[in-house]
Amino acid sequence: MKNTDKARKPGRKKPASRKQLAAAQYRRKGFWRILLRLALLGLVLLAGWMVYLDAQVTSRFEGRRFEVPSRVYARPLELYSGAPVSAAALEQELALAGFHKGDGSRSGSYQRSGGRFLISSRGFDFPDGKEPRRHLALSIAGDQVQNLQVVKGPDSAIVRLEPAQIGGIYPAHQEDRILVQLDKLPELLPPALMAVEDRRFYDHHGIAPLSIARAMLANVRAGGIVQGGSTLTQQLVKNFFLTREQTLLRKGNEALMSILLELHYSKSDILETYLNEVYLGQAGARSIHGFGLASQFYFAEALEDLLPHQLALLVGMVKGPSYYNPRRHPQRATARRNLVLDQMQQAGLLGEADAQRARSLPLGVSDKASFSQNRYPAYIDLVRRHLARDYKEEDLRSEGLRVFTTLNPAMQMAAEKAVTETLPRLGDKALESALVVTAKDSGEVLALVGGRDPRYAGFNRALDASRQIGSLVKPFVYLAALSQPQRYTLITPLQDTRFTLKFENGTVWQPKNYDGLERGEVPLHQALSKSYNLPVVRVGLDIGLAEVKSTLQAFGTDSAISDYPSMLLGAVAMTPVNVAQIYQGLATSGFNTPLRTIREVTDAGGEPLSRYSLQVNQVADPAAVHLLQYAMQETMQEGTGRSAYNTVPRALALAGKTGTTDDGRDAWFAGFSGDLLAVVWVGRDDNGATPLTGATGALPVWSKFMAQVPQHSFTPVVPDGVQYHWVNVQQQALTDEQCENARLMPFITGSEPKQTITCAGALPQKIRGWFEGLFQ
Amino acid sequence: MMRVQMRARVFRSAVVCAVLLLAGCASGPGGGIYVPAGERPQAPKPPLTDGAAKPADEPQVWRKSEQPFEQKSQQKAQQQTGVPGYRESGDQMPAAAAGLVKEADTLMAQGNGAAAITRLERAQRIAPRSAAVYFKLSEAYVMTGQLGSAEQFTLKGLSLAGRDERLQRSGWLLLADIRRARGNVAGAQQAESRAASL
Numbered sequence: 001m002k003n004t005d006k007a008r009k010p011g012r013k014k015p016a017s018r019k020q021l022a023a024a025q026y027r028r029k030g031f032w033r034i035l036l037r038l039a040l041l042g043l044v045l046l047a048g049w050m051v052y053l054d055a056q057v058t059s060r061f062e063g064r065r066f067e068v069p070s071r072v073y074a075r076p077l078e079l080y081s082g083a084p085v086s087a088a089a090l091e092q093e094l095a096l097a098g099f100h101k102g103d104g105s106r107s108g109s110y111q112r113s114g115g116r117f118l119i120s121s122r123g124f125d126f127p128d129g130k131e132p133r134r135h136l137a138l139s140i141a142g143d144q145v146q147n148l149q150v151v152k153g154p155d156s157a158i159v160r161l162e163p164a165q166i167g168g169i170y171p172a173h174q175e176d177r178i179l180v181q182l183d184k185l186p187e188l189l190p191p192a193l194m195a196v197e198d199r200r201f202y203d204h205h206g207i208a209p210l211s212i213a214r215a216m217l218a219n220v221r222a223g224g225i226v227q228g229g230s231t232l233t234q235q236l237v238k239n240f241f242l243t244r245e246q247t248l249l250r251k252g253n254e255a256l257m258s259i260l261l262e263l264h265y266s267k268s269d270i271l272e273t274y275l276n277e278v279y280l281g282q283a284g285a286r287s288i289h290g291f292g293l294a295s296q297f298y299f300a301e302a303l304e305d306l307l308p309h310q311l312a313l314l315v316g317m318v319k320g321p322s323y324y325n326p327r328r329h330p331q332r333a334t335a336r337r338n339l340v341l342d343q344m345q346q347a348g349l350l351g352e353a354d355a356q357r358a359r360s361l362p363l364g365v366s367d368k369a370s371f372s373q374n375r376y377p378a379y380i381d382l383v384r385r386h387l388a389r390d391y392k393e394e395d396l397r398s399e400g401l402r403v404f405t406t407l408n409p410a411m412q413m414a415a416e417k418a419v420t421e422t423l424p425r426l427g428d429k430a431l432e433s434a435l436v437v438t439a440k441d442s443g444e445v446l447a448l449v450g451g452r453d454p455r456y457a458g459f460n461r462a463l464d465a466s467r468q469i470g471s472l473v474k475p476f477v478y479l480a481a482l483s484q485p486q487r488y489t490l491i492t493p494l495q496d497t498r499f500t501l502k503f504e505n506g507t508v509w510q511p512k513n514y515d516g517l518e519r520g521e522v523p524l525h526q527a528l529s530k531s532y533n534l535p536v537v538r539v540g541l542d543i544g545l546a547e548v549k550s551t552l553q554a555f556g557t558d559s560a561i562s563d564y565p566s567m568l569l570g571a572v573a574m575t576p577v578n579v580a581q582i583y584q585g586l587a588t589s590g591f592n593t594p595l596r597t598i599r600e601v602t603d604a605g606g607e608p609l610s611r612y613s614l615q616v617n618q619v620a621d622p623a624a625v626h627l628l629q630y631a632m633q634e635t636m637q638e639g640t641g642r643s644a645y646n647t648v649p650r651a652l653a654l655a656g657k658t659g660t661t662d663d664g665r666d667a668w669f670a671g672f673s674g675d676l677l678a679v680v681w682v683g684r685d686d687n688g689a690t691p692l693t694g695a696t697g698a699l700p701v702w703s704k705f706m707a708q709v710p711q712h713s714f715t716p717v718v719p720d721g722v723q724y725h726w727v728n729v730q731q732q733a734l735t736d737e738q739c740e741n742a743r744l745m746p747f748i749t750g751s752e753p754k755q756t757i758t759c760a761g762a763l764p765q766k767i768r769g770w771f772e773g774l775f776q
Numbered sequence: 001m002m003r004v005q006m007r008a009r010v011f012r013s014a015v016v017c018a019v020l021l022l023a024g025c026a027s028g029p030g031g032g033i034y035v036p037a038g039e040r041p042q043a044p045k046p047p048l049t050d051g052a053a054k055p056a057d058e059p060q061v062w063r064k065s066e067q068p069f070e071q072k073s074q075q076k077a078q079q080q081t082g083v084p085g086y087r088e089s090g091d092q093m094p095a096a097a098a099g100l101v102k103e104a105d106t107l108m109a110q111g112n113g114a115a116a117i118t119r120l121e122r123a124q125r126i127a128p129r130s131a132a133v134y135f136k137l138s139e140a141y142v143m144t145g146q147l148g149s150a151e152q153f154t155l156k157g158l159s160l161a162g163r164d165e166r167l168q169r170s171g172w173l174l175l176a177d178i179r180r181a182r183g184n185v186a187g188a189q190q191a192e193s194r195a196a197s198l
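First to last, the sequence lines map onto chains Z and D.
For the first sequence, the numbering used here assigns the number 1 to the initial residue and increments by one for each residue that follows.
For the second sequence, the numbering used here assigns the number 1 to the initial residue and increments by one for each residue that follows.
Calculated from the structure, these hints are not laboratory results.
Cβ atoms here follow ideal geometry from the backbone N, Cα and C, with glycine treated the same way.
Take these hints with a grain of salt, some might be off.
What the hints assert, rightly or not - Taking lysine to aspartate or glutamate pairs in the EDC-like style, the calculated list, with each CA pair at most 20 Å apart, reads:
#, chain 1, residue 1, chain 2, residue 2
1, D, Lys-102, Z, Asp-54
2, Z, Lys-130, D, Glu-192
3, Z, Lys-238, Z, Asp-54
4, D, Lys-102, Z, Glu-131
5, D, Lys-102, Z, Asp-155
6, D, Lys-102, Z, Glu-78
Said to hold, decoys possible - Residues of chain D clear of chain Z, computed beta-carbon distances all greater than 10 Å:
#, residue
7, Thr-106
8, Arg-180
9, Gly-183
10, Asn-184
11, Gly-187
12, Gln-190
13, Ser-193
14, Ala-196
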């Protein structure tokens, strides 16, 4: 630069000497030489720059084409005559799975009148086979499906609706998309898009200078940017780098990259990527990319099912997704859509009548974004942890896997409602809660709440709050005892009296009952149902801590269990999910059933990758568990759980156990019906004291949940080796059914009382004589 | 050799199961359902036990194995407010579940045990307290060579067979076959003698 400046300066001076002229001539030659060198350097730099841009744009192009988040689905609703579902829950399920109210004959619509439903399913590719499109008619009465009929489509006694998508596992940059392929598009979409955005798409080489010139002229006339001359290719490139600045350098780069892209890829590759890449809206932190996802997002429908007026809206929104957001600015969006419909008509894509009809239609946008970002953060958290056993995080984020979970949306809603409506009534604002619901016999996790605000994706108490379980441990102590029928039955009298334990190191332990009282002798079943502390410690010490510990471990706890007798009163820390795991075995006659959140994982194309099958493993004698279940039912009817029936009708038979730790730091309830197992924890994150007990803190949440869900009562099948007898518990004798104090109770065969007494409590003379002879 | 024998024995059990399944199909799903308050105007149904679950106009069928004495006792127990309930047998299979089991049978006949398992798991979700579903799962696991799982599902089925002697017998025989195939001769004999004692 300095040289050229100097070269110009002499030109302005006159006259010049010959010497000066020669020098000037020399300099002029030098100037050209330098210019040439600079041009060459420029070319090399440009070539290098092109190589750099090429690498950038191809890597983006390849990356975006295949980077798809994993999709997480709820369990599909199975419809068959007798299926338990309320009309309200069915309607909620339909909404969640993207069905809209309509005539029930268009795919993805339903019609409800009272308890009668007409549903037109879309069909779905499940890992185990395709569920075809069907028209269904059914009615709901008494919370059960009645008269399911397939009106159109292949007949079947049982059909699955497409599952609701409940979340995704997104790439770090929070972009989401549903990949669409060119051959599965609505025919109208590509020509409509080209008519509006890039008429010469198939003719240009990435840039269209004429269009740019036209646009520039229009912009100059208007004194601002009113028209863009970008081709689809340029828009695609712009989308890759998503910067809003409108500099000349950026425009130049875009143009260069567009040309490079066109050199590398075919028009159809570019078009397909464009359709999957274009930015079409925002849902919180998540951006909506591509027509496939936008169709779901705005209309809750599959792209292939969209009608012309809906396609026109999406095409129109390309110009400015937030400016033309149909939910926020419906008027603007309508005007834009109608303009697109005009252009489609001009391009001959729509006849006049069709275009006129389309213009007169409302926008047809669904009320709410059809799926917001991970509606069920706590549940998805557990799903991710289960997936992490077999999959790499980066694969989950980008490989487009399909994850079929066991989440039951209706149960989840009931669970969230139980927590959010009950906690405020417990007073303390710092109280937190967790709720786990599983299917009793399959171990499928149906619902999960990780805190008092179920939408908050933070600390997940259901999985990570490891807290002392208090009296929830007692059933395992008694189970270990009842597994020795020659020593313990439900009517074995236990000492409810104080005692002191002295350890070798000199420390002393003196357990107490919650109410501080002593009752002398109590039968075992009552000691459990009323949750007395003194008898359980005596029983535990009698059968041995090792026995109790191994029972807990067999039922599936992974917590460390101390060897101190305080563990008999629940000085064992567990998470709510772990408690649900160990109670599964109690609810199912001694079969440990591993909890599952995932049924199957497939790749993006539907090919199965992994299946997580039902497993059962017998870990206890069903006969002993049946006895324990008796006492756990009694807990609900006469014991510490009876206040559940303030909320739940007596008609629903339940079984369960309360748990409370010192100073009310933890309130627990774990219990089950015929179909469901639910565990609730309530307490403070700082482990502070509360005035609550299991019955006043956790049980209200549990009952509120149970009361909302249609389900079967808990009436366990009497297993082999168990017989029911009428007994007089106090006298430990068989008695007559008619006697006032007679109680019908189960015994492991051979462990029932040997003596019989009358209603008055008298032993028949002969038998008494025989017994006296035996024991005196 | 062992395997062939095993297949034959399991087939024998399967036939028993199939007969049982057909019997099961004849009646509807066992047990009524609790309907949350506010869902419909009617009052909730009474407590659910074997007896109470059946509609009033349906004639009561006494199985030979069911002791009328105990049924009556139980009804008395249920009449008292808040007494733990129980029942003598598991659920019958609803038609939808029986249809899936039939599909599973077809798949098994085609040698596709894995696909049969997916159908049976669907059936299990519909009829989780039906012993027959678990026996079928057990057969499918025998087919896929997972005898450990097969044994566990048989045990689970047995825990729900209650007083139904036919179900009990087919379950114990299936268990005997599986145990023998696993080399547990003593366990097999024990199961066989249980079947014989019924």
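To see whether the hints hold, each was checked on the structure:
no.	hint	in the structure
1	Lys-102/D - Asp-54/Z	violated, 59 Å
2	Lys-130/Z - Glu-192/D	violated, 42 Å
3	Lys-238/Z - Asp-54/Z	holds, 14 Å
4	Lys-102/D - Glu-131/Z	holds, 18 Å
5	Lys-102/D - Asp-155/Z	holds, 15 Å
6	Lys-102/D - Glu-78/Z	holds, 17 Å
7	Thr-106	holds, 13 Å
8	Arg-180	holds, 19 Å
9	Gly-183	holds, 19 Å
10	Asn-184	holds, 14 Å
11	Gly-187	holds, 13 Å
12	Gln-190	holds, 13 Å
13	Ser-193	holds, 13 Å
14	Ala-196	holds, 14 Å
Checked against the numbered hints above, the structure violates hints 1 and 2; every other hint is satisfied.
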